[in-house]
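> Residues per chain are reported as follows:
4 protein chains.
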Amino acid sequence: MESKKRRGILDRLNAGEVVVGDGGYVMQLERRGYVKAGHWTPEAAVEHPEAVRQLHREFLRAGANVIQTFTFYCSEDKLEISGNVSNISGAQINEAACDLAREVANEGDALVAGCVSKTPCYVKSHSETKVKAIFKKQMDDFLKKDIDFFIVEFVDHVEEAEWAVEVLKTSSKPVGATLCISPQGDMHGVPPGECAVRLVRAGADIVGINCHLDPLTCIRTVKLMKAGLENAGLKAHLMIQPLGFHTPECNLGGYTSLPEYPFAMETRAMTRWDVHQYAREAYDAGIRYIGGCCGFEPYHIRAIAEEVSAERGFLPPASEKHGLWGAALGMHTKPWVRARAHREYWENLLPASGRPKCPSMATAADDYEK
Amino acid sequence: MESKKRRGILDRLNAGEVVVGDGGYVMQLERRGYVKAGHWTPEAAVEHPEAVRQLHREFLRAGANVIQTFTFYCSEDKLEISGNVSNISGAQINEAACDLAREVANEGDALVAGCVSKTPCYVKSHSETKVKAIFKKQMDDFLKKDIDFFIVEFVDHVEEAEWAVEVLKTSSKPVGATLCISPQGDMHGVPPGECAVRLVRAGADIVGINCHLDPLTCIRTVKLMKAGLENAGLKAHLMIQPLGFHTPECNLGGYTSLPEYPFAMETRAMTRWDVHQYAREAYDAGIRYIGGCCGFEPYHIRAIAEEVSAERGFLPPASEKHGLWGAALGMHTKPWVRARAHREYWENLLPASGRPKCPSMATAADDYEK
Amino acid sequence: MESKKRRGILDRLNAGEVVVGDGGYVMQLERRGYVKAGHWTPEAAVEHPEAVRQLHREFLRAGANVIQTFTFYCSEDKLEISGNVSNISGAQINEAACDLAREVANEGDALVAGCVSKTPCYVKSHSETKVKAIFKKQMDDFLKKDIDFFIVEFVDHVEEAEWAVEVLKTSSKPVGATLCISPQGDMHGVPPGECAVRLVRAGADIVGINCHLDPLTCIRTVKLMKAGLENAGLKAHLMIQPLGFHTPECNLGGYTSLPEYPFAMETRAMTRWDVHQYAREAYDAGIRYIGGCCGFEPYHIRAIAEEVSAERGFLPPASEKHGLWGAALGMHTKPWVRARAHREYWENLLPASGRPKCPSMATAADDYEK
Amino acid sequence: MESKKRRGILDRLNAGEVVVGDGGYVMQLERRGYVKAGHWTPEAAVEHPEAVRQLHREFLRAGANVIQTFTFYCSEDKLEISGNVSNISGAQINEAACDLAREVANEGDALVAGCVSKTPCYVKSHSETKVKAIFKKQMDDFLKKDIDFFIVEFVDHVEEAEWAVEVLKTSSKPVGATLCISPQGDMHGVPPGECAVRLVRAGADIVGINCHLDPLTCIRTVKLMKAGLENAGLKAHLMIQPLGFHTPECNLGGYTSLPEYPFAMETRAMTRWDVHQYAREAYDAGIRYIGGCCGFEPYHIRAIAEEVSAERGFLPPASEKHGLWGAALGMHTKPWVRARAHREYWENLLPASGRPKCPSMATAADDYEK
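Protein chains in written order, with the UniProt record's numbering: chain F, 1 to 370; chain G, 1 to 370; chain R, 1 to 370; chain V, 1 to 370.
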């Protein structure tokens with residue numbers, strides 16, 4: 001069913017292009033009223049397709065070259081445990097999500113990635129057979145539809161990610177694999193370099209990091225993956241889709257160990273200017289698939305696209321509604337706001353929290369455990 | 001054209017009901033890629049109706065009883081000065097915005113408010129004739145469509161708001177008027193109590209405050225308006241639609257005088273728990289029309305609706321995707337996250353900024369001017 | 001017994017000279033191990049005269065023109081209630097303190113001020129007769145020794161201060177009176193302007209503010225006193241001896257209502273550069289007796305003397321060990337420390353707390369009471 | 001000349017006793033007006049012996065078992081380079097400092113340690129002969145007087161410290177050696193464990209860390225030294241005299257790289273309660289010589305002595321002026337202050353800075369250099 005003319009993800013990365021990823025779905029749709037925090041399941045693809053479609057469109061308009069299917073936590077075992085959805089099957093959600101992603105991707109120059117994430121079954125059973133069967137079922141749902149490649153994401157044990165990659169590679173489509181781990185390694189202590197080697201040996205075409213930690217920390221982890229691959233004489237493309245939050249206190253635990261997770265993360269949100277810095281550092285680290293995860297809203301994705309616009313040679317559609325580095329403030333009536341219409345102002349601003357009774361850092365839950 | 005069965009805004013307020021307002025459009029649509037900061041004009045109603053419709057729906061779903069037309073800064077003189085739109089007229093935007101608001105309002109139990117805001121003409125000409133002509137033109141656009149009442153908002157000179165009210169009252173529809181002023185009064189120093197008296201004498205049925213300052217400060221100002229009305233022996237309903245940001249440093253200048261305005265306001269965003277406190281204090285102050293302005297996203301409106309759900313007797317549709325006070329965290333896999341599934345945790349949390357090199361308060365631009 | 005050649009406090013102030021006061025004794029001697037927090041009584045004048053003498057000397061060396069007797073809370077009723085001293089009488093302490101102050105004052109160009117502070121008797125009995133008898137007794141102790149003038153300080157009811165002034169004026173010596181009140185007035189709500197008028201009418205030659213609040217707030221209060229005197233057609237010299245701590249949260253309650261009082265005030269301590277700003281603003285407000293209270297260490301007094309050195313025409317002895325505005329850093333081995341050897345660096349520095357889990361402001365205990 | 005009855009430093013440590021060190025001299029005497037920042041030389045021992053004697057006494061009274069001679073930076077080459085002293089020789093200072101330390105030590109149960117610190121000659125010449133000659137000259141000054149043992153301190157190249165130890169051991173007196181290094185090692189990258197081994201092999205009886213970094217970081221470094229000694233099969237006593245400031249941003253550079261050094265360090269000062277935690281963690285790490293360096297005032301030393309009072313079996317003299325854990329607040333007139341008269345309050349307090357426009361962490365100068 002796939003369009004013949006569409007240039008695939010590997011065509012683009014092999015050509016040295018920067019691929020802009022999309023942002024985070026579940027936290028943003030929670031704020032919009034369509035996802036339930038705690039469960040974080042994607043039944044909205046069936047229940048409220050207009051809401052999912054609109055968010056896809058905003059990411060596309062912001063410059064995303066990939067629309068990920070809204071299928072987070074959409075394995076049958078996870079849906080069952082969550083208990084959030086009774087009358088909708090995983091297959092229904094997966095299929096609806098593929099259609100929505102395809103519809104919007106076709107409105108622009110974007111590819112559709114079918115996404116799988118970690119399964120409760122892995123920790124519970126540790127059975128390769130069972131876990132692979134779950135990934136196989138989800139893959140089969142996707143293959144009924146027109147998707148361009150796969151992404152394995154939000155997995156914190158490299159072994160489970162290897163199993164997912166092995167399953168998905170049976171489809172002959174490209175596979176990207178991102179772990180949600182820290183520079184210290186996965187949940188069993190496997191270092192990032194070794195994780196990358198194992199994922200590539202399992203068949204992954206693209207490897208990297210998503211979620212759990214802030215952008216600059218995730219770049220450090222991807223650099224360790226890159227070094228691991230180089231030491232092993234392996235090659236793969238690198239991708240990154242970090243949190244859109246400042247999380248200086250976290251290490252192994254990730255942002256779920258912060259006291260503010262998940263309902264008071266506002267204070268930690270990145271500005272668009274933080275994202276410019278992130279995109280530049282990711283690019284300089286050799287990463288060419290650059291997107292975001294939880295906390296990345298459409299304007300954050302636009303900031304990535306604007307930062308790499310010289311390399312890409314164009315701006316995204318949504319930049320028609322954005323003066324670069326605040327340029328559109330130049331027509332403001334207040335002189336002190338006009339004075340902010342340039343890069344130097346925003347790059348050097350240290351934004352105040354407006355909360356004088358709040359601290360700047362918290363004690364993470366995984367610190368409590370020590 | 002108006003539906004006979006619809007209960008009007010005054011029917012509701014006279015009956016003592018709590019009316020939940022909607023949230024902020026321009027800042028949220030800027031982040032979604034449809035509004036240009038600096039200009040803040042609403043051409044998206046024509047250019048990208050699906051984006052405006054979706055945000056209307058999210059507010060409706062979050063519990064809003066009023067859908068405001070997306071017509072901010074949509075007077076002919078403002079559109080011209082802004083220079084952001086060339087091939088779309090103000091009348092086109094006003095009419096498209098009315099249709100979008102009506103379409104979504106009819107999906108639930110909501111009213112449509114046609115909104116006008118301050119005009120550049122007032123400060124420039126100070127001509128009652130010219131300013132009233134501008135408001136009359138915008139009103140005539142609205143009256144071609146099916147709207148339920150009018151709101152005058154974001155006006156910082158009470159005199160201009162009086163003129164707007166006088167024009168809109170010629171329509172015989174109810175009129176609400178909210179000023180964007182501080183407890184110190186309007187830009188000419190007219191105190192809030194006197195402002196309220198003048199607005200009611202001009203014909204306003206509902207008076208209050210919107211935008212510019214944080215919720216608790218705006219409540220203080222509305223209380224001063226209420227006291228002014230009582231002293232004058234006048235009666236009117238009270239409404240409030242404050243910023244969704246912490247702005248402890250501002251006084252006369254409002255949030256545009258903060259260094260973070262408009263592109264680094266993230267740190268100051270209110271949590272849903274801040275909104276619970278706000279909604280309760282607004283209710284206790286006798287305010288019955290409770291909504292939000294810039295910074296209020298759909299989940300903030302839901303928090304208002306949840307806080308007053310006992311008084312209203314029902315929860316909004318979007319609460320099906322929200323455990324009250326974090327209840328849905330009770331099924332989380334991490335024990336320390338499960339421990340957050342209750343009100344006491346979130347009410348007492350002082351969220352960290354995650355930005356240890358940033359201060360907690362800024363020097364506002366209007367302080368610099370002293 | 002008084003030296004004929006010594007120029008008195010009024011000679012100096014009438015001549016328009018700046019009089020530099022000394023700093024705080026009880027908090028500093030608590031840290032040195034000689035005063036017990038909670039009691040704050042001055043038995044060290046008898047028990048450890050070398051420690052009191054040394055601190056007097058450090059203030060003299062820092063530029064102080066007045067050495068206050070170390071007789072805080074040394075009324076008989078306070079000593080009895082405190083229960084901290086059993087075998088030493090108030091008279092012994094008062095007399096020893098006068099001798100120590102005189103000894104050190106005579107080592108330089110300084111005067112001795114005999115100091116009285118508020119009595120428990122006032123709040124307990126509210127009897128003018130009893131309270132005046134207590135002040136009379138302490139005055140009689142002082143008059144056995146060679147003191148130059150009196151200071152009434154740390155009184156928060158203007159009435160009690162009036163009574164003290166009336167007693168002390170029977171000695172025919174000059175009397176200064178400082179209240180520990182906020183811009184909102186004394187504990188009975190008497191505004192600062194009226195307090196000043198009443199104190200001058202009671203006989204005070206110098207009036208002002210000491211302790212309880214930070215320097216800039218205390219300057220605001222002294223300005224209100226000055227305005228009150230001007231409105232009443234009265235004249236008096238102005239003095240100020242504020243806290244050496246930042247206390248932005250306090251209003252009526254003063255620093256004892258801060259959670260950090262008294263054992264975690266370190267974070268709030270003023271730098272010498274904060275003191276430069278204070279001394280300049282005090283001078284510009286027309287205050288000519290400028291010193292400090294709790295938190296003012298010798299180097300803070302030196303900063304006052306250095307700030308007004310142009311007006312006074314000389315530097316204090318301790319400036320031989322201080323490069324103005326950090327000049328002595330010019331010979332440091334590290335280039336980045338050498339770069340700090342000038343005024344602009346220190347005036348613009350916003351010092352970090354080094355405590356990322358601490359907030360910048362606290363909830364004061366008197367706010368809890370609301 | 002040494003008293004026969006005095007129990008030496010090794011007698012005490014070998015017996016398992018906790019030895020409480022004294023605090024910091026140069027920064028405290030700078031604030032008192034006797035030392036010039038930038039130079040930091042100890043000419044006050046000759047110029048103002050009463051000031052040095054008083055600070056010695058305060059540390060003794062706070063519980064110190066060792067009085068260090070006030071001879072920091074008192075090598076001939078350093079004095080010459082500094083240029084701060086013209087008419088006083090190093091020998092005069094060294095001898096006067098020994099007399100002052102002895103006089104005060106004899107007022108209690110304390111020993112005198114003759115102290116040498118790093119020499120400019122080391123970095124300039126790197127000549128073992130020249131550097132050893134400088135240490136020999138200073139040692140000879142000390143040996144004319146009655147001192148009990150030597151301390152080498154504030155050296156950041158382990159090689160220089162080895163040379164100092166080798167010289168001082170020719171006296172047959174015990175020698176302690178503390179480096180001012182981070183957990184990352186000395187200025188040539190020699191790790192702490194290896195530094196400890198080299199110092200013990202050079203003859204040091206006691207090894208550890210002083211100055212430059214905050215207490216908990218210094219404990220980490222001493223633990224690394226301890227592990228290094230254990231791995232090498234060596235034994236030595238451990239000592240620690242850290243900064244009395246919070247310095248979370250520093251690593252190699254130490255506190256001189258902080259923007260606040262040296263004139264705005266107030267905000268970072270440790271409270272007495274921070275010191276309790278430090279003393280306990282130092283004790284638990286097996287360190288038995290526990291004192292302080294810059295920033296440790298007499299009340300901080302008292303906090304060490306109070307924390308280890310159970311182990312030592314007694315409280316220091318200055319505790320007669322201190323209620324343990326704030327107990328003396330129990331008689332305060334304000335109920336909310338009385339409520340602070342217990343350990344739980346102070347252990348859990350997160351003190352506010354009172355500076356809402358200041359950040360909580362700074363960018364250290366050695367970070368700028370990267």
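FYI, nobody ran anything at the bench for these hints, they're computed from the structure.
Note that the coordinates shown come from a computational prediction; the quantities given were computed from them, not determined experimentally.
The beta carbon of each residue, even a glycine, is placed where N, CA and C say it ideally should be.
One or more of the hints may lead you astray.
What the hints assert, rightly or not - If you anchor each label on the Cβ, the simulated ranges turn out as follows:
id: 1; chain 1: V; residue 1: M187; chain 2: F; residue 2: E128; range: 50 to 60 Å
id: 2; chain 1: V; residue 1: K130; chain 2: R; residue 2: R338; range: 38 to 48 Å
id: 3; chain 1: R; residue 1: D284; chain 2: V; residue 2: A133; range: 54 to 64 Å
id: 4; chain 1: R; residue 1: R338; chain 2: V; residue 2: D140; range: 29 to 39 Å
id: 5; chain 1: V; residue 1: E344; chain 2: F; residue 2: E128; range: 44 to 54 Å
id: 6; chain 1: R; residue 1: D284; chain 2: V; residue 2: K144; range: 53 to 63 Å
id: 7; chain 1: R; residue 1: L315; chain 2: V; residue 2: S86; range: 16 to 26 Å
id: 8; chain 1: R; residue 1: R338; chain 2: V; residue 2: G203; range: 35 to 45 Å
id: 9; chain 1: V; residue 1: S89; chain 2: R; residue 2: K137; range: 48 to 58 Å
Claimed, not checked - When the alpha-carbon atoms are kept at most 30 Å apart in a straight line, the in silico DSSO-like pairs for lysine-lysine are as follows:
id: 10; chain 1: V; residue 1: K226; chain 2: V; residue 2: K132
id: 11; chain 1: G; residue 1: K223; chain 2: F; residue 2: K223
id: 12; chain 1: R; residue 1: K357; chain 2: F; residue 2: K357
id: 13; chain 1: F; residue 1: K145; chain 2: F; residue 2: K223
id: 14; chain 1: F; residue 1: K132; chain 2: F; residue 2: K169
id: 15; chain 1: G; residue 1: K130; chain 2: G; residue 2: K5
id: 16; chain 1: G; residue 1: K136; chain 2: F; residue 2: K124
id: 17; chain 1: F; residue 1: K357; chain 2: G; residue 2: K5
id: 18; chain 1: F; residue 1: K130; chain 2: G; residue 2: K334
id: 19; chain 1: F; residue 1: K130; chain 2: F; residue 2: K145
id: 20; chain 1: V; residue 1: K5; chain 2: R; residue 2: K334
> Hints first: check each against the structure and report whether it holds.
Here's how the hints hold up against the structure:
1. Checked against the hint of 50 to 60 Å, the pair M187/V and E128/F passes, with Cβ atoms roughly 52 Å apart.
2. Between K130/V and R338/R, the C-beta spacing of about 26 Å breaks the proposed range 38 to 48 Å.
3. Separation of D284/R from A133/V is about 57 Å and conforms to the stated range, judged on CB atoms against 54 to 64 Å.
4. Separation of R338/R from D140/V is about 34 Å and conforms to the stated range, judged on CB atoms against 29 to 39 Å.
5. Distance hint check: the CB atoms of E344/V and E128/F are about 52 Å apart, consistent with the given range 44 to 54 Å.
6. Checked against the hint of 53 to 63 Å, the C-beta distance between D284/R and K144/V comes to roughly 56 Å, which is consistent with it.
7. Taking the beta carbon of each, L315/R and S86/V are about 19 Å apart, inside 16 to 26 Å as hinted.
8. About 37 Å separates the C-beta atoms of R338/R and G203/V, a value consistent with the hinted range of 35 to 45 Å.
9. Between S89/V and K137/R the beta carbons are some 54 Å apart, a value that agrees with the proposed interval 48 to 58 Å.
10. For a cut-off of 30 Å, the pair hint linking K226/V to K132/V stands: about 27 Å separates their Cα positions.
11. Proposed proximity of K223/G and K223/F is contradicted: the alpha carbons are some 57 Å apart, above 30 Å.
12. Restraint check for K357/R and K357/F: satisfied, since their Cα atoms lie roughly 11 Å apart, inside the 30 Å limit.
13. Taking the CA atoms of K145/F and K223/F, the gap is about 35 Å. The hint is violated against a cut of 30 Å.
14. Among the hinted pairs, K132/F with K169/F is consistent with the structure: their alpha-carbon atoms are about 12 Å apart, no more than 30 Å.
15. Distance check on the hinted pair: K130/G and K5/G sit about 37 Å apart at the alpha-carbon level, beyond 30 Å; violated.
16. Restraint check: the Cα-Cα separation between K136/G and K124/F comes to about 68 Å, which exceeds 30 Å; the hinted pair is violated.
17. Under the criterion of a C-alpha separation no larger than 30 Å, the hint pairing K357/F with K5/G is inconsistent with the structure, at around 49 Å.
18. Distance check on the hinted pair: K130/F and K334/G sit about 23 Å apart at the alpha-carbon level, within 30 Å; holds.
19. Annotation: proposed proximity of K130/F to K145/F holds, straight-line Cα distance about 24 Å (limit 30 Å).
20. Annotation: proposed proximity of K5/V to K334/R is violated, straight-line Cα distance about 46 Å (limit 30 Å).
Hints 2, 11, 13, 15, 16, 17 and 20 from the list above are not met by this structure, while the remaining hints are.
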